[in-house]
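In case you want the letters, here they are:
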Amino acid sequence: MMDAEILTRLYRGMLRIRIVEERIAELYPQQEMRCPVHLCIGQEAVAVGVCDALDRGDYVFSNHRSHGHYLAKGGDLRSMIAEIYGKATGCAQGKGGSMHLVDLDAGFLGATPIVGSTIPIGVGAAWGSALKGESRVAVVFFGDGALEEGVFHESLNFALLKKVPVIFVCENNLYSVYSPLAVRQPGERELFCIAGGHGVESHQADGNDVLAVRSLAERAVEKARGGGGPTFLEFKTYRWREHCGPNYDDDLGYRPETEFLEWKKRCPIAALRERLLEAGICSDRGIGEMESAVKSEMEAAVEFARRSPWPADTLLMGDVYAS
Amino acid sequence: MPRELKYAQAINEAIDLCMARDPSVYLMGLGVPDPKGVFGTTLGLRAKHGDRRVLDMPTSENGMTGVAVGTALAGCRPVMTHQRVDFALLALDQIVNQAAKWRYMFGGKLKVPLVVRLIVGRGWGQGPQHSQSLHSWFAHVPGLKVVMPTTPYDAKGLLISSIEDDDPVIFLEHRWLHGITGPVPEGVYRVPLGSARVMREGRDVTIAAISHMCLEALRAADTLAEDGCQAEVIDIRSLRPLDEKTVVESVRKTGRLIVAEGGWRSCGFGAEIVARAVEQAFPSLKCPPCRIALPDCPTPTSPRLAAKFYPRAAEISEAARAMLGIRETRPPVPASAPLDVPDPSFTGPF
Chain V
17 MMDAEILTRL YRGMLRIRIV EERIAELYPQ QEMRCPVHLC IGQEAVAVGV CDALDRGDYV
77 FSNHRSHGHY LAKGGDLRSM IAEIYGKATG CAQGKGGSMH LVDLDAGFLG ATPIVGSTIP
137 IGVGAAWGSA LKGESRVAVV FFGDGALEEG VFHESLNFAL LKKVPVIFVC ENNLYSVYSP
197 LAVRQPGERE LFCIAGGHGV ESHQADGNDV LAVRSLAERA VEKARGGGGP TFLEFKTYRW
257 REHCGPNYDD DLGYRPETEF LEWKKRCPIA ALRERLLEAG ICSDRGIGEM ESAVKSEMEA
317 AVEFARRSPW PADTLLMGDV YAS
Chain R
9 MPRELKYAQA INEAIDLCMA RDPSVYLMGL GVPDPKGVFG TTLGLRAKHG DRRVLDMPTS
69 ENGMTGVAVG TALAGCRPVM THQRVDFALL ALDQIVNQAA KWRYMFGGKL KVPLVVRLIV
129 GRGWGQGPQH SQSLHSWFAH VPGLKVVMPT TPYDAKGLLI SSIEDDDPVI FLEHRWLHGI
189 TGPVPEGVYR VPLGSARVMR EGRDVTIAAI SHMCLEALRA ADTLAEDGCQ AEVIDIRSLR
249 PLDEKTVVES VRKTGRLIVA EGGWRSCGFG AEIVARAVEQ AFPSLKCPPC RIALPDCPTP
309 TSPRLAAKFY PRAAEISEAA RAMLGIRETR PPVPASAPLD VPDPSFTGPF
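Here the protein sequences come in this chain order: V and R. If you're matching positions, the first sequence starts at 17 in this note's numbering and goes up one per residue. If you're matching positions, the second sequence starts at 9 in this note's numbering and goes up one per residue.
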C-alpha cells in the first residue's frame, strides 16, 4: 500500500483535471474560448499516474488531448486557460490554443495535434539530452490511432537501437474520433504486442487505475534513467465526452451508450476516493475542501484569462524566425 | 593564388569547422559515414569527430527528422543529410508541420536550429523520383529558411551560417555542383542568409538564376557579350529570406528580366521573382519578364528525353536576344559532350 501522501496527491491531481475540464465544458458555450478543445474527462488516471513518477526536469510531449498531461506535469493553470482564451498571457502567447500547450519550467515541451508527430520528437529530446550527459527521461503520450502511423514504428525502432531514455505511453481509448478500433486494427492483436514485436519492453494495464499506472510508470522511469532504454505502456481507458468539444455525443450512435455507462462506473477518481475514505486517509469533509480549493483556483484562472489583454497586433509576425 | 576546393570539399570543411567549434553540432543521415561519404561531403568526419556525432541512421526519413527536431529542442544543432530531395518528402510532416512551426506556435519559447541538407539529382537517368528540385515548396513555408548555393565559396559560407542559425534551414545542393571548383578561404567565414550575389554586372538584361542554372546563365552571358549584350547575372542563393532588393535594383537598371531555375515553371520560384519585379519595378520594365524553367512533366529517364527536358544556356541567351531584338547569326554549336552528365568525368551511376 502506498503511503497516504502519495494517494492523496494522486487523487488531488486527478480531481483537479476533472474540475478544470468540467468548468471548461460549462464555459465553452459562451464562445469565448474560440479554439477546439479535446477534453480528457474519464482518462485522468493515465496523465496523473505517469507524471507522478517523473521529476520536474523530465520532458513530456503530448497530443491534441493534452490538458491532463500538461496539468499533471505541473504546467501552470492560469497560462493554460489564458491560452485557450487566446490571450497574450497564454502559455504560447495565444498563438497555439488548447492543442499547443507548453510550459518549459514544468518540462512540458509541447503538444501538437498531428497524430503521432510528437513521438519521434520525444525520442529525439530524450536522446539529445542523453548525448549532452543529462539524466533526463522523456514521456510521449499518444492514443491508439498513433500506432497506425508509420512514424510510431520508426520511433520505436530507433529508440531501442540507441537505448533512448523514453517512455511511450499509449492511452487506448478505443476510438480515433468516431472510428472504433475494430475498423482500424485487427481484433486478434493487442496494441502493446505491436511494441513488443519491435523488441521494446511493453506492458498493458487498466488506465483507470491510477495506482497500476503509476507503478508501471515508476518501473519504466527507473529503467530509462538507469540506461536501460525505452518502455511501451498501454493503458486502456475511455473518453467520456465527444472527441472535440464540451458535450456528450452518444446520440450520434457511433458507440453504444451502454459502453460509456460501463466505463463511467469505472471512474478513476471515484474509485480512488472510495479507497481513500475506506482507508481513513481522507474524510468527506477533507475531500470537499479539496474540491472547493480547486474550484476557486480554476475560477481565479478563468478570471485571469478573461481580464488578460489580447495579443498585440505586432505579435502576428513575431517569432516566425529568431530575428 | 587563393586556395581552390571542390564544392563537395567546401561542404565537408564547413561541417568539420562547425563540429570542431561547437560540441552541440552533430551530423546524421543515411550513408553519412559510408565509404562514399555522400558524394564526398562527409568523408573523414567520423574519424575526426567520432561515431556519436557522425551517424548513420535507419531508413526512416520522417521519424529521424522528428528525432532531429527533438534533439534540437534539447539543445543540439543537428545537420541532417538526405541523398535526394525526393527522399525528404517522407519527412514533410516533421519539416513543415513541426520544425517550421515550433517557434511560432509555442509563442517563441522553443527553437529548432536544424539544417536539412537535400541534394537535387540530375542526369544519368535519375528520372522521376531522384531529380526533383522542390525548392519552391519549401520556400513557400514561413518558419523555414531555404538556401541554394552555387559556388564552393558560398557552399561553405552559407552552410556555416545555416548551422549557426537558430531556425530550421533547408540547404539544397545540386548534384552537378559537387564537382565544380572555386576559391574557398580557410577557416570560418559566413555568407549571410538572405543575400543575393551579383555574379556578373551588365546593363542590358538581368538574369536571376538559382543553383546550377547560375552556371548556365554565366555561359549565356558569355555568348550574349559576343553579340554586344551585357547581361547582369544574379545568383539568388537564398530563397527565404529573399534578397528582393538586389533583383529589383538590377531590373530598374536593365529593364529586362529573365529568371532561370531548375524547378517546374508552374507555381515555381521563378514566378515569385517575376511578381516581385513587376510589383516594384513595373515602370522600368521594357518588355515582359521571361521564365526559363522545367516543362510541366516529371523528369524523364531516357537521355534523349532528358536532353529536351532541361533548359540550358542556349535557351537563356535566346530569350535575351528575343527581348533585345538581336538576331542569332552563329550556327548552333553541336554538343561536345553527352548532355546527361555535368562533365565528361562523370560516368554515373548516381
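Hints should not be assumed to be uniformly reliable.
[As the list claims (entries may be wrong)] For lysine-lysine, the following DSSO-like pairs were computed, each having C-alpha atoms within a straight-line distance of at most 30 Å:
(1) V/K179 with R/K56
(2) V/K178 with R/K14
(3) V/K148 with V/K281
(4) R/K117 with V/K148
(5) R/K14 with V/K148
(6) V/K148 with V/K178
(7) V/K178 with R/K261
(8) V/K148 with R/K294
(9) V/K179 with R/K261
(10) V/K179 with R/K119
[What the hints assert, rightly or not] What follows is a set of in silico ranges between Cβ atoms, one per label pair, in the way DEER data are often shown:
(11) R/A315 with V/A328: 50 to 58 Å
(12) R/P306 with V/E164: 55 to 63 Å
(13) R/L347 with V/A328: 52 to 60 Å
(14) V/A338 with R/Q137: 31 to 39 Å
(15) R/F290 with V/A328: 48 to 56 Å
(16) R/A55 with V/G244: 26 to 34 Å
(17) R/L313 with V/A328: 51 to 59 Å
(18) V/D71 with R/P200: 54 to 62 Å
(19) V/E21 with R/G116: 20 to 28 Å
(20) V/D71 with R/G116: 19 to 27 Å
(21) V/G334 with R/K261: 52 to 60 Å
(22) R/P357 with V/L268: 55 to 63 Å
(23) R/Q288 with V/A328: 44 to 52 Å
(24) R/D30 with V/D71: 53 to 61 Å
Simulated from the structure, these hints should not be mistaken for lab results. Treat the numbers as computed from the prediction; the structure is a model and nothing was measured. For glycine and all other residues, C-beta sits at the position ideal for the given N, C-alpha and C.
Check: Okay, which hints does this one fail, numbers in order?
Finding: Violated hints: 2, 3, 5, 7, 8, 9, 12, 15, 18, 19, 21, 23, 24; rest satisfied.
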